[in-house]
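Here the protein sequences come in this chain order: P and H. Read in order, the letters of the first sequence correspond to residues 2 to 348 in the numbering used here. Read in order, the letters of the second sequence correspond to residues 68 to 436 in the numbering used here.
Hints listed in this document are in silico derivations from the structure and should not be mistaken for laboratory results. Do not take every clue at face value.
As the list claims (entries may be wrong) - If you want the footprint, here are the derived chain P segments under chain H, 3+ residues with CB under 8 Å:
#1 32 to 42
#2 172 to 181
#3 199 to 206
What the hints assert, rightly or not - Among chain H residues calculated to face chain P with C-beta under 7 Å, some are:
#4 N155
#5 K186
#6 F200
#7 V209
#8 A224
#9 I225
Every residue, glycine too, gets a C-beta built ideally from N, C-alpha and C.
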Amino acid sequence: MRRLRQFAADFGWPRIIIFFFLVALFFAAPLVGVRVDASLSDVFNRFGQNAFFVLALVPMIQSGCGLNFGLSLGIIAGLLGATLSVQLGLHGAVGFAGALVLSAPFAIIFGWLYGKLLNKVKGEEMTIAMYVGFAGVMFMCIMWLLLPYTAPDMIWGYAGHGLRTTISVENYWIHILNDFLEIRIGPFFRFPTGEILFAAFGAWLMWLFLRTKTGTAMTAVGSNPDYARASGISVDKMRTISVVISTLLGAAGIIVYQQSFGFIQLYNAPLAMPFTAIAAILIGGASVKKASMLNVVVGTFLFQGLLTMTPSVINSWLQTDMSEVVRIVVSNGIIIYALTRKTKVSK
Amino acid sequence: MSGQRSLGRFLRENAVILLFLIVTVLAIRPSGLSLVYIGQEMITRLGRDSFLVLALLLPIYAGMGLNFGMTLGAMAGQFGLILAVNYNLLGVCGLVFAALVSLPVSLLMGYICGVVLNKAKGREMVTGYILAFFVNGVYQFVVLYLMGSVIPVRSKAIVLSRGYGIRNTLNLDGVRQTLDNLLPLRVGPFVLPILTFLVIAALCVFIIWFKKTKLGQDMRAVGYDMHVAESAGVPVDRTRIIAIIISTVLATIGQIIFLQNMGNMATYNAHDQTSFFAVAAILVGGASVKKATIPNVFIGVCLLHVLFVVSPGAGQKLFGEAMIGEYFRQFIGYGVIALSLVLYAWRSRREAERLREGLRGGAAEGGGK
């Protein structure tokens with residue numbers, strides 16, 4: 002019994018509660034007429050859609066920059082890459098790869114500047130990151146209207162300029178990852194193999210990276226900056242690297258998301274995205290100071306599972322749409338839990 | 068030499084406010100609005116927003132940064148207003164009723180917020196921000212699902228057609244601008260909402276008085292250095308909770324004043340940007356995370372809102388698109404908050420470094436002797 006309690010304490014009560022809640026939802030699903038196989042299929046799809054965002058948070062947590070509330074900067078870089086790829090008329094796999102490649106330079110530049118900024122404000126990173134992200138999104142709102150894009154699929158038909166709020170990628174690279182080696186069982190279950198493989202590949206690369214010399218140095222900077230400096234590691238450089246990687250992954254993340262979702266969403270869309278990713282990694286058991294690949298996988302799965310199952314099950318059960326309320330309360334409740342937890346490592 | 072240095076220092080310390088002043092003055096001409104119009108708007112918005120912005124002062128004194136959790140108070144105020152409309156209470160009486168009804172809710176919210184922020188010392192701002200999101204979920208649950216089904220609602224006009232939940236927009240005609248218009252005063256082309264100004268003035272007097280009380284002094288001490296205050300026998304956690312409770316209650320009243328001026332209420336969105344506007348205003352007025360004064364509040368409200376009034380017109384004129392002005396003002400709002408947080412963090416880090424250098428120098432001298 003004591004071992005069980007110890008295990009529960011290590012694993013964290015919120016995670017356990019959410020896990021059992023999710024299991025209960027899956028059991029309740031058939032009773033209210035929701036298909037379990039279709040739901041599972043949704044969960045896998047959304048897992049692949051969002052895993053990169055969650056993964057993007059890891060480097061900055063490890064290097065002591067905290068939760069990347071400014072992930073929207075990476076997302077903006079990804080949006081630039083995606084729109085440029087459509088503008089150039091790239092299709093299929095080339096289009097998808099093109100979007101990734103085109104977004105990289107923006108992500109590196111944004112990440113580098115953003116990292117420099119965060120180095121100047123150590124200790125206040127999270128609040129500042131949030132507002133830098135918001136300001137960036139708003140600045141790009143102006144830019145989406147002014148930038149000289151010309152592809153007719155993207156601009157407002159009657160005005161002749163300015164990008165649309167949502168741009169369909171149906172003719173370009175929709176489901177390019179999802180359809181790769183897709184497994185279909187019955188009419189409702191689809192396993193997006195390519196998307197999951199891509200996410201797994203990303204996680205594997207990150208796992209490898211954290212074990213390289215740079216990766217270890219980065220973790221050292223996060224756990225004890227003074228010790229790291231004493232052993233000859235440049236704290237600022239490591240932090241900047243972590244921010245650049247995070248921004249790059251954010252950019253890749255939004256492109257993966259778009260190929261599955263089918264649309265490029267511009268303007269205000271990136272505002273809320275960092276919060277979803279942050280809630281996911283925290284549900285997975287990460288703290289403000291430590292995160293692992295396990296946290297990423299468990300967290301994304303639990304959170305996306307929750308987001309998929311609560312609307313369908315609760316709505317069919319209560320005949321009302323409570324999902325939004327459940328989403329807001331759970332995701333922000335988890336973030337508050339993590340922020341108020343006493344971390345052993347002090348600032 | 069020293070004159071030059073003090074000029075540089077003046078520029079650095081007031082960078083935000085100066086930058087803002089320049090942008091605003093530049094935007095006035097292309098907006099095509101008359102100065103009288105802008106002046107009247109400024110007076111209206113001073114009455115509408117100042118109370119909310121003043122609610123931010125006490126937590127800053129207590130060293131808790133900008134109280135993004137003030138949104139909790141705003142939601143409590145909206146709850147009170149919904150009930151006032153439900154019982155069809157008119158005029159100032161309705162407003163007072165709304166304030167009294169929401170008082171217990173807002174005391175509770177303030178207490179919760181204070182306890183949570185005490186557990187997140189050092190990251191109060193981001194925690195307060197997320198807490199506002201969290202309570203927004205609870206607020207939606209109460210207003211959208213419980214009101215009309217569990218909490219009885221008498222007025223059918225404010226309930227959604229499905230039988231429970233409050234409608235998306237609430238018409239506040241019964242209390243609309245009743246506080247503003249009770250004692251109107253015309254000065255030349257301007258109309259001044261005297262009673263609202265008197266309420267705001269009373270709050271200013273309260274804050275000045277409060278700073279001189281024992282509790283106010285404790286708050287300053289906690290804000291200056293928590294550890295020193297603790298060892299001097301100040302109950303740190305309790306003082307911080309009180310600061311947040313007062314701020315939350317003030318935000319409740321502030322939101323009621325704000326909404327009576329607006330005349331209608333977006334039930335589920337009216338509080339979304341409360342803390343954003345209030346925080347942006349106080350920062351534009353020259354306050355920082357650690358230091359704020361009553362003049363900062365009024366300067367900030369004037370400057371921020373003049374820019375907000377002129378930016379859509381300027382956007383239309385300069386870029387041929389009114390939307391650009393709308394995005395621009397949000398960009399400016401977020402940008403100002405980011406910029407002043409950055410400047411503050413940067414400055415305090417440099418200060419800390421200078422102190423450390425000083426210590427080192429002192430030690431070397433001591434060793435020499």
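Tested hints:
Given as covered by chain H, the segment 32 to 42 of chain P fails the check, having 0 residues with a CB less than 8 Å from a CB of that chain where 3 are the minimum. With a threshold of 8 Å between beta carbons, the proposed coverage of the segment 172 to 181 of chain P by chain H is violated, since 0 of its residues qualify and at least three are required. Against chain H, the segment 199 to 206 of chain P contributes 0 residues with a C-beta closer than 8 Å to a partner C-beta. That does not satisfy the three-residue criterion, and the hint is violated. Hint on N155 of chain H is violated. Least Cβ distance to chain P is approximately 28 Å, over the 7 Å limit.
Look at K186 of chain H: its Cβ gets to within about 4 Å of chain P, closer than 7 Å, so that hint holds up. At a threshold of 7 Å, the smallest CB-CB gap from F200 of chain H to chain P is about 4 Å, leaving the interface hint in force. Restraint check, V209 of chain H versus chain P: the minimum CB separation of about 10 Å is more than 7 Å; hint violated. A distance limit of 7 Å between C-beta atoms decides the matter here; for A224 of chain H the minimum to chain P is near 21 Å, and the interface restraint is violated.
The beta carbon of I225 of chain H comes no nearer than 18 Å to any beta carbon in chain P, farther than 7 Å, and the hint placing it at the interface is violated.
The earlier numbered hints that this structure contradicts are 1, 2, 3, 4, 7, 8, 9.
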